[in-house]
Structure formats: C-alpha cells, structure tokens
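Start from the sequences and build out the full structure, keeping to the hints where you can.
As given, the protein sequences belong to chains A and B, one line each in that order.
Under the numbering used here, the residue at position 147 of the first sequence is numbered 147, and the numbers go up by one with no gaps.
Under the numbering used here, the residue at position 55 of the second sequence is numbered 55, and the numbers go up by one with no gaps.
Please note that the accuracy of each hint is not assured.
With beta-carbon atoms standing in for the labels, derived distance ranges [as the list claims (entries may be wrong)]:
(1) A:R114 to B:R184: 38 to 48 Å
(2) B:G168 to A:K72: 41 to 51 Å
(3) A:T362 to B:Q19: 30 to 40 Å
(4) B:R48 to A:N438: 49 to 59 Å
Straight-line distance between alpha carbons at most 25 Å, and here's what the computed DMTMM-like set of lysine to aspartate or glutamate pairs gives [as the list claims (entries may be wrong)]:
(5) B:K284 to A:D251
(6) B:K284 to A:E254
(7) B:K221 to A:E352
(8) A:K349 to B:D254
(9) A:K499 to B:D315
(10) B:K311 to A:D323
(11) B:K280 to A:E281
(12) A:K463 to B:E188
(13) B:K40 to A:E426
(14) B:K221 to A:D251
(15) B:K185 to A:E327
(16) A:K349 to B:D253
(17) B:K295 to A:D328
(18) B:K276 to A:E426
(19) A:K204 to B:D312
(20) A:K194 to B:D312
(21) A:K301 to B:E223
(22) A:K369 to B:E188
(23) B:K258 to A:E156
(24) A:K209 to B:D312
(25) A:K26 to B:E160
(26) B:K185 to A:E37
(27) A:K301 to B:D270
(28) B:K285 to A:D251
(29) A:K330 to B:D237
(30) A:K209 to A:E198
(31) B:K222 to A:E352
(32) B:K280 to A:D328
(33) B:K185 to A:E426
(34) B:K159 to A:D328
(35) A:K330 to B:D254
(36) A:K196 to B:D315
(37) A:K301 to A:E327
(38) B:K311 to A:E248
(39) A:K301 to B:E219
(40) B:K222 to A:D328
Since the hints were made in silico from the structure, they are not lab data.
Here a beta-carbon is modelled for each residue, glycine too, at the ideal position from N, C-alpha and C.
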Amino acid sequence: MIGSNTTENHPVMGSMIKNEVINQQKRLIVIDPRRIELARYADYYFPIKPGTNIAILNGFMHVIVKEGLYDKAFVENRTEGFEDLKKTLEKYTPAYVADICGLDNPDDIVAAARLMASLKPMALYYSMGITQFVSGVNGVKSTANLQMMLGNMGVEGGGVNPLRGQNNVQGACDMGALPATYPAYQPVASEDNKKKFEDAWSVKNLSVKPGLTLMEMMNAAHAGGVKAMYIMGENPVMSDPNQQHVIEALDNLELLVVQDIFLTETAQHAHVVLPSCAFLEKEGTATNTERRVQPMHRVLKPGRLIKDDWWITMQIANRMGADWDYEDAKDIFKEIRKVTPSYAGITYKRIENELIQWPCPTKEHPGTKVLHREAFSRGKGLFTAIEYTPPFEETDREFPLILTTGRILQQFHTGSMSRNSRVLEETAPEGFVEVNPNDAGNLDVADGELVSVSTRRGSIRVKARVVERIKPNAVFIPFHFYESCANRLTVDCLDPVCKIPEYKVCACRVEKIVA
Amino acid sequence: MDKIKLTIDGKEVSGLRGQTIMEVARDNGIDIPHLCYHPKLSKTGACRLCLVRIDGKMLKTSCTELAGDGMSVITEDEALRNIRKWLLGLLLMEGDHNCLYCDADGDCELQRYAKIYNVEKTDEDFPRNPREVDYVTSNAIKRNENRCILCGRCIRACKEIQVSNVWGFTERGSQTHLIADDDRKIGESSCVKCGTCVQLCPTGALTFQTVSGKGLNWELKKESSICIYCGVGCKIDFYTNEEGVLVKAIGNDDGPNKGHLCVKGRFGFDFVQSPKRLTKPLMKKDGEFVEVGWKEALDFVAGRMRAVKEKDGPDAIAALSSAKCTNEENYLMQKFMRAVIGSNNVDHCARL
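Quick look at the structure:
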C-alpha cells in the first residue's frame with residue numbers, strides 16, 4: 001500500500017484489506033507520510049517524507065536486483081528495458097534512500113524488499129499519494145517497474161491497482177471526457193480515429209489537435225485564450241490548486257455556465273446556472289475502479305424543473321445545430337457500445353445480473369477480470385529507468401514545513417454532498433491541520449488552538465490537531481472545508497506529462513495567532 | 001471440490017464437501033430457522049435454533065455441522081418444533097420484546113420466527129437483567145440491549161467485515177452483555193458508523209437513528225443504485241417511503257461491496273433532498289442571480305457559445321465533464337465538445 005489512506009478514502013476496500021491482513025494472516029507493507037490506520041497492521045511501515053515515493057520504490061528494487069530476487073523468467077520473456085533500469089538503481093542503496101525519505105532504519109528497506117520477493121503474488125495498491133506530484137507519472141511507472149520485476153503482472157491477486165477516488169472517474173475517462181482521447185482511449189490525433197468518429201457522428205472536420213487539460217483550461221482562461229466554459233458537476237474553486245488563481249480565471253470568462261445540484265462555490269461565479277438531477281434521480285451506468293460497469297436506477301423523483309445532465313447538454317447541442325434525439329440514457333448507451341470497443345458487449349440487461357469488467361467486446365464475452373495476462377497492450381512491458389526528483393517547492397527558512405493535503409473518512413472532495421448530509425457533517429464539521437507534537441512544541445501551539453497556515457499563494461486559519469500520526473516537519477490539511485480551504489495554499493505546478501497538480505507537497509509556515 | 005449427495009427432509013440434494021448442512025440446505029432452497037447464523041459471518045452455533053436431526057437420531061446445529069455423503073437430515077419434526085418453540089419462548093421472556101414500540105419495526109427475524117412458531121410471551125417470572133439503552137450518544141446508531149438476543153452477529157460483523165473490533169461480549173452466564181470497546185458509550189467508542197452491525201442485527205437491539213419517524217418498514221419501496229462517493233462502486237439498496245423521502249441505505253450483497261458500506265455510503269445521502277438544492281435555472285443580471293425559465297437559459301447559453309465560437313474559434317470554448325455523472329452523460333459532453341463545438345477542450349476531475 002503506497003500513497004493510499006484506504007480505510008478513510010476507500011473504506012469498504014480498506015475493510016477488505018484489513019480482513020485479509022488481520023483475519024487471514026496476509027502480509028502488509030505500508031508506505032505513507034502519515035501513520036494511517038493500515039500502518040498499525042503492517043509488517044513494515046515506512047513514514048516517508050512527502051514526495052519521495054520514487055526513491056523508496058527504487059530502494060526496494062535495488063535490493064531485489066542486488067540479491068537476485070527478481071522474477072527472471074518474467075523479466076526475460078515479458079519485458080524490455082531492464083538493463084537500463086538496473087544501472088539507474090545502482091545508487092539507490094538502502095542508506096541513500098533512507099536519507100532522502102527521512103527514514104531511521106535502512107535495514108527495514110532490505111527486509112521489506114525480501115518479503116515482497118518471497119511471497120507471490122503481491123498486489124500493489126496506490127492512490128493520489130503516488131500521482132499528485134510533479135513526478136506523478138514517474139511515480140506510477142515506478143510502481144509498474146516493481147511489479148514487473150517481481151512478475152506480479154497479469155495474475156489474479158497481483159497487479160498495479162490504482163484506487164480511483166470518484167464513483168465514475170473510470171467511466172468518465174473511458175467515455176473520452178479527456179482532451180486527447182475519444183471513448184476507449186482512442187487518440188484524437190489519429191486521422192483514422194477522426195474518420196471513424198466523423199462517420200459515427202455524421203459530422204465533418206473533427207479536430208485532431210488534443211485539447212487542454214483542466215489546469216491548462218484555467219491558465220488559458222486566466223490569460224484570455226479560453227473565453228467560455230461549460231462546467232458540469234465540478235467545483236474547481238474548491239478542488240483546484242491555488243484557489244485565488246482559479247477565481248481570477250473564472251471571473252475573466254465571457255461566459256461561464258455551471259450545471260450542478262447546488263449553488264457551489266464555482267456556480268457563484270457563473271453567468272448561468274442550470275439545475276441538474278442528483279445521482280439518485282437519474283438512470284445510467286457507472287464504472288468502478290475495477291472497470292466494472294454497473295447500473296444506476298432512478299430512486300427518487302427530481303423536482304419539476306430539474307433536468308437530467310444529458311438532456312441539458314442535448315438541448316444546448318441542438319440549439320447549436322445538432323439534431324440529437326436521445327429518448328433516455330439507454331439510447332445513449334447503445335451509441336456508446338458502437339464506438340467503444342471495450343464496452344461493445346455490455347448491455348443494460350446484462351449488467352442487471354452480471355458483474356462485468358471491460359474489455360467486453362461481444363455479448364457472449366464474460367468480461368475481463370485480469371489485464372495483461374499473456375501480453376501488455378504494447379506487447380512487452382517496458383521498464384523505465386527513473387531517477388528520484390524532488391518536489392517543485394522545497395522548504396526554506398520562510399516556509400519551513402511541508403504541507404500535504406487529502407481527504408478524511410466522513411467528508412468527500414469539495415463537500416457539496418457530504419457537508420449537506422447531517423450525520424457526516426455533525427461527525428466532522430470543521431477542518432484542521434495535523435501537526436506533529438515536536439513541531440507543535442517549537443511553535444508553542446496547543447491541540448485545538450486556532451493557527452494560521454500560509455504558503456506563497458495565501459493563508460488560512462484552522463484548528464491545530466497535535467498528533468503523532470503526521471511526521472515531524474510535515475503538516476496535513478483536508479481540502480473539504482471552504483472555511484479553511486486547503487487549496488488556497490496548494491501550488492499549481494503540474495506534472496509535465498499528465499498535468500496533474502502537486503497537491504501532496506508544498507512549503508508552508510504555521511504560526512501561532514497572537515491576539 | 002468433491003460433490004456429495006444427501007437427503008434433506010426426504011429430498012435428494014447435492015452439495016460440496018466442506019459445506020455445512022445449513023449451506024447445502026440454503027443452496028437447495030431449504031430454509032432452516034436460524035438467528036445467530038448469517039451467510040457472511042463465521043459460525044458459532046450459539047442460538048441453537050437451527051438444530052436438525054441427523055440419520056434419525058442425533059440433534060446437531062446445522063450451521064456448524066458439516067454435511068456428509070449419504071447423510072439423512074430432518075429439519076423439522078415434532079420434537080424439533082417443540083425445542084424451537086421453547087428456545088424462542090426463553091428469548092422472549094428474557095428481553096423486552098414488544099413489537100409495538102420496537103425500532104426494528106417489523107424488520108425483525110425474531111418476530112418472524114415468533115409468528116411462524118406461534119410463540120407468545122409467558123407470564124412466568126424470569127430474572128431479567130436490565131441492560132444498556134443508549135439512544136443519544138451516537139448520531140448514527142441506537143442501541144437497546146434489552147432487545148439483544150446475544151447472537152453475536154454484530155461482534156462478528158465488526159470483526160470480520162468492517163474489521164474495527166468495536167463490539168464484544170463481557171461478563172458471563174446470565175450477566176453476559178454487549179460492550180463497545182472497553183465498555184464505552186457507542187458514541188464515545190472507536191465506532192466509525194459503517195452501520196454493518198445494524199444491517200445484520202436480527203432484532204431491534206441495534207437500529208439506525210436516521211430512520212425513526214420516516215414511515216413503516218412494510219410501506220417502504222426499494223431500488224438499487226451505485227454509491228456516488230469513491231471508486232469502489234458499492235451497490236446499495238435505497239429505501240423510500242410513501243412520500244418519496246429517502247429513508248435508509250442498505251448494502252446490496254450482489255455488488256462488489258458484498259453488502260458492506262462505509263459511513264458515507266450509509267449516511268451520506270441527505271444532500272439529494274436538501275432544501276438547498278437548485279430548483280430552477282438562474283441567470284446573473286446586474287450582478288444578482290434571478291430565476292429564469294429553461295428556454296431563456298438554454299437560448300442564452302447556446303447563443304453566447306455560438307458567438308464565442310464565431311469570434312474566437314472553437315478552441316476558445318472549454319468544458320469540464322464530471323466523474324460524478326454517468327457514462328452516458330460523460331459521453332454526451334465529450335461528443336458535444338468535439339462534434340458540435342469542434343474542440344477537444346474537454347476534461348474532468350480525474351487528477352484532482
């Protein structure tokens with residue numbers, strides 16, 4: 001488990017993991033800057049400094065290679081690029097890694113690496129604690145390096161398993177709600193795909209130029225290149241880094257349309273707000289983190305003037321020259337099946353009774369539980385030699401602490417749902433900053449005291465929670481609470497490849513408030 | 001696994017070696033009365049209600065006894081029926097089981113068996129130990145141990161499904177009772193409010209705070225959907241009352257969650273019926289939002305988008321789709337941007 005606070009952020013999965021470890025005697029290695037609940041049950045727990053995932057993963061691989069513990073047959077037959085990686089790993093000795101990661105016991109790196117190699121298969125789980133860095137793509141590749149080296153790919157109980165944080169983030173990606181790909185990850189830059197979708201949609205001149213990612217859109221809006229934005233069910237004012245910049249960007253637009261269930265922090269900046277159905281008021285499908293496509297049914301009747309999101313999009317499209325005539329979600333799904341090969345065999349009828357994981361190319365196909373069984377999609381698995389690189393913003397005298405952000409069990413994302421649910425809001429009504437007792441002592445801050453947290457972007461006031469759980473020199477703030485908005489502080493630098501922001505590390509200062 | 005053949009109540013059935021009699025019976029559609037047994041939990045044989053007669057002689061608890069090849073099982077005869085009536089009578093005597101004001105409100109396995117076996121509470125003076133009633137310390141779970149039959153399902157649910165180990169038994173014999181952690185009030189314990197103990201409680205000993213006053217159990221309608229929170233994709237049965245108000249969320253056993261839920265999946269859905277929901281389209285006029293009709297709002301949006309597209313080109317327009325919306329809605333949003341606007345500027349919060 002690396003970079004995933006599973007028992008709080010994917011609690012049902014967290015319980016399944018706890019069951020395997022506590023009741024079924026499976027072994028567990030946990031890597032996280034915070035002493036999360038899973039750390040309690042781990043055989044080895046590594047409280048690494050935020051932003052040093054790649055170093056410790058390289059450290060494990062250094063030991064595995066040096067002691068000849070890797071899966072030689074798998075590396076030989078299924079992969080390429082191993083020699084380059086081997087060279088890079090040479091310098092990542094346990095002592096060198098422990099120094100980068102701020103760990104006291106380099107011997108544990110050796111012991112944990114031996115444990116990994118001795119038990120097959122090993123499943124690796126990660127979440128935003130791997131990805132939300134300027135080195136996010138490299139972090140993910142490092143997890144793949146480790147699992148390929150151990151021969152844990154393409155087998156049940158193994159694999160690299162990213163835990164997706166929203167109920168249909170997998171599906172939104174599958175459906176091509178991404179700037180560079182049509183449904184099923186077919187690149188927009190390909191002339192063949194352009195032709196294919198022009199035929200399917202009966203249109204001409206589809207663009208082959210990949211679009212802007214979310215953060216690039218905000219930057220372009222700020223700079224004036226993007227003039228109009230249509231936002232469906234998102235709240236970037238709360239969820240994007242560097243809040244002030246986001247607000248300026250949105251206020252700079254000639255047209256901002258927000259389609260949502262509440263007048264969110266983002267909707268307040270809109271020119272037009274369109275009320276849409278909440279999930280219990282709609283029908284359709286959602287795809288979970290295991291690629292399982294599941295049916296959502298209408299449980300509640302929406303208000304008289306509240307409309308389905310797809311209906312609203314269709315109305316705007318038709319006023320702009322389209323002639324769409326979808327009757328319901330099922331109609332749209334039929335079209336999805338035609339242009340999305342991995343969904344072609346999935347029908348509304350089948351998913352009522354079957355748990356189907358894509359790819360499922362035909363109606364007779366049972367779905368695919370494990371990917372990469374015989375080969376990877378590119379053929380051979382490619383090892384990438386990756387060096388540890390430090391985060392964008394390192395601590396200094398002015399901002400001496402590392403700020404990391406995330407979620408808590410009882411709240412969700414920007415809070416528009418969980419904060420409007422009584423039991424959740426009563427249980428966790430306010431934000432906090434976790435401070436190590438050591439730092440709290442130096443700052444003369446007591447548990448429960450209101451403190452000021454500042455970065456180069458801004459500053460907030462929030463209650464201190466003095467806990468051993470967080471490493472010395474680091475602090476943690478959940479981002480759900482507008483009253484103490486963590487994203488007023490976070491830095492908006494991006495991974496150069498996938499443009500993910502570095503939510504997990506920036507430099508901050510915690511100060512006592514003197515009245 | 002080896003197949004085995006046996007007869008249950010004279011009917012030939014087959015099962016697998018290693019299965020209990022209860023499991024073989026269930027797989028073959030035969031219901032053996034039980035209270036402490038639950039298919040998702042380990043077996044304890046505590047309630048004795050599932051006693052069956054094996055090969056015409058021995059009485060064994062079918063939830064713990066392995067089925068054997070050639071075995072002949074009788075699930076009910078007069079002696080067994082009398083034992084069940086006697087056991088149920090003891091349970092009724094020992095606790096405060098009054099269905100009239102019980103929070104289980106008919107969703108009760110003890111009540112079901114009391115009806116099936118026509119058992120009534122006797123007037124016999126039975127030494128009762130008043131136990132803990134805690135309706136106030138937790139905003140999620142109500143506890144009335146006078147309705148507890150010590151089946152231990154909640155303890156096993158917390159140990160084996162949620163794996164938080166909050167519940168446990170303490171003391172012995174007739175003094176045995178349930179405690180949270182080291183004898184704390186439930187609201188002051190380490191309980192994370194997943195509600196799985198309540199979902200599996202066969203009586204009204206553990207109930208949800210949030211359902212009282214929202215209608216009677218048998219009036220509720222049930223429909224399943226997928227949880228809106230994280231990516232695990234838990235399947236949930238949502239119960240609504242006659243007024244269309246959401247009453248409770250119960251984990252569906254057929255989903256990837258196998259019936260389990262977390263605190264958000266259990267209690268996180270008030271927002272759908274929040275009075276703060278948007279109900280009409282809004283347009284900003286002179287800096288203030290005013291309610292408008294759909295036609296005006298949609299005409300305005302389409303008109304302005306067309307103007308931007310004509311003036312600055314399609315790439316001056318961008319859209320954010322949503323990981324909270326369905327596949328169908330995401331598909332349509334990207335199709336809108338690509339086919340109607342002519343730009344690939346579409347993304348969503350996958351990285352956030």
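Checklist entry - Does the structure break any of the earlier hints, and which numbers would those be? => result Of the numbered hints given earlier, those the structure breaks are 13, 14, 15, 22 and 34, listed in rising order.
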